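All chains, full assembly: derive it from the sequences and hints.
These are the residues of each chain, in order.
2 protein chains.
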Amino acid sequence: MRNDDRRERLRTALTDAAEATIAADGLSALKARDLAKEVGCALGAIYTVFPDLDALILTVNLRTLALFERAITAVRIAPEPEGPASPAERDAAVETLVRLAVAYLHFAAANPARWRALFQHRVTHALPDWYLVEQVRLFRYIEAPLRILKPDLGDRERALLARSLFSATHGLVSLGLDEKLMVLSEPVLRGQIEIVVGALGRGLAGK
Amino acid sequence: MRNDDRRERLRTALTDAAEATIAADGLSALKARDLAKEVGCALGAIYTVFPDLDALILTVNLRTLALFERAITAVRIAPEPEGPASPAERDAAVETLVRLAVAYLHFAAANPARWRALFQHRVTHALPDWYLVEQVRLFRYIEAPLRILKPDLGDRERALLARSLFSATHGLVSLGLDEKLMVLSEPVLRGQIEIVVGALGRGLAGK
DNA sequence: CGGGTTCGTGAACGTTGTTCACGAGCGCAG
DNA sequence: CTGCGCTCGTGAACAACGTTCACGAACCCG
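Protein sequence lines correspond, in order, to chains A and B.
152 is the number that UniProt numbering gives to position 152 of the first sequence; each next residue is one higher, with no gaps.
153 is the number that UniProt numbering gives to position 153 of the second sequence; each next residue is one higher, with no gaps.
In case anyone wonders, no lab produced these hints; they're calculated from the structure.
Incorrect hints may appear among the rest.
Chain A regions said to be covered by chain B (calculated; three or more residues, Cβ under 8 Å) [what the hints assert, rightly or not]:
id : stretch
1  : 35–43
2  : 195–202
Pair ranges (Cβ atoms, derived) [what the hints assert, rightly or not]:
id : chain 1 : residue 1 : chain 2 : residue 2 : range
3  : B       : K37       : A       : T124      : 23 to 31 Å
4  : A       : R9        : B       : R7        : 56 to 64 Å
5  : A       : L67       : B       : R122      : 18 to 26 Å
6  : B       : R122      : A       : D4        : 35 to 43 Å
These numbers come from a predicted model, not from an experiment.
By construction, the Cβ of each residue, glycine as well, lies at the ideal position given by its N, Cα and C atoms.
See below:
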């Protein structure tokens, strides 16, 4: 079908334009009419490839998650020891957690509008599966060092703890970069993250 | 002036109605026209006592903060020791931090819509002073146990760390109660907070 | 070439927050 | 008591938004 081709082209063109707008001026600057004008299509055409703007935003957010994953794969990960972990290996695991958290901060600071859109966007409908799958995969990066720090944890508890560690880090980054509660420079915030996540890791190790 | 009296009455009536709407159906259910109908005034009358709806929301949020402070004052606080803290006193300080965090969770879970409005509401203008003052005072509750845990910290660093601890806890509560990332029951979330904040406190104590 | 089907078009609709010209009501001087 | 002027709430009107849908052009196929 030639037709599906055009639809796909329109879809990516809209996603590109929406991504650029969000990255430049934030989620609130995304307007259906501006979007249509930018890609040179009619207003109604948007709704032939997306059910509504929420779906378009979700597609942009998926790109942001992919971008973030590329950033996170550059983080040096402590190797998984065989057998029980030595104190040095546990320290290395803690440092891995800190590096992951700092990488999260760095990504958020480098892509503030894109990153804000991930959370600012409140969905009323249930999230699509392909979005949740992406989230689950990203949490695995946190679970690995946790396996070293607390080897006797069950899979379920470890997954839960990984989400909690992410939530805590997200809180630090979210409120730290947000202008409502405080405005912290990235270096200061990085210091706080190192202190807090470091203490958290050492406390979890149970020494 | 009889006139200021009427204005004040309208102001509180609007605040009451807005608070009820937010508490019942969330921030997004707050509409100027519904509000005017509920308090029996004209649409434009709202703008004679508030510059815009943002200011009205801020007033409601201040009430929420006051409500929260009443909840936080019920938390049992470890007494401040004289001289260097014993290990037991440090443990008590950690438990105070945990209790504060759990109180935060409990308040958020008990008043989900009110609490969400505190953060969901993004302001474009600078926040008024009376709002910031309220925030600063609430942070003092976290600084007290920190003084026991890390006595050699300067005032500035302690204040910063207090905000970071709050941010981490807020992240746990915010994402834990939020339906986007995960939905955790309050008991499960309470367990996570006890684990994370507990580990955080012990790690900070530097044992 | 013509009839039918498909599909983008953009005017129109319903809701927003916010504004502003109007007029009712009141006080006070004549 | 009457008339003038001022104040202040009123609600119709405006601008901007997401979303819809009747229309018409463009294309396919017989």
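Verification of the supplied hints:
Remark: the stretch 35–43 of chain A is not confirmed as covered by chain B, as 0 of its residues place a Cβ nearer than 8 Å to a Cβ of that chain, below the required three. For a cut-off of 8 Å, the count of residues in the stretch 195–202 of chain A with a CB near a CB of chain B stands at 7, and the three-residue condition holds. Hint check: B:K37 to A:T124, Cβ distance near 24 Å, so the stated range 23 to 31 Å holds. Under the hint 56 to 64 Å, the C-beta atoms of A:R9 and B:R7, about 58 Å apart, fit the expected range.
For A:L67 and B:R122, the hinted distance range of 18 to 26 Å is satisfied, since their beta carbons lie about 23 Å from each other. A C-beta distance of roughly 39 Å is found between B:R122 and A:D4, which places it inside the suggested range of 35 to 43 Å.
Violation of the numbered hints given earlier is confined to hint 1; every other hint is satisfied by the structure.
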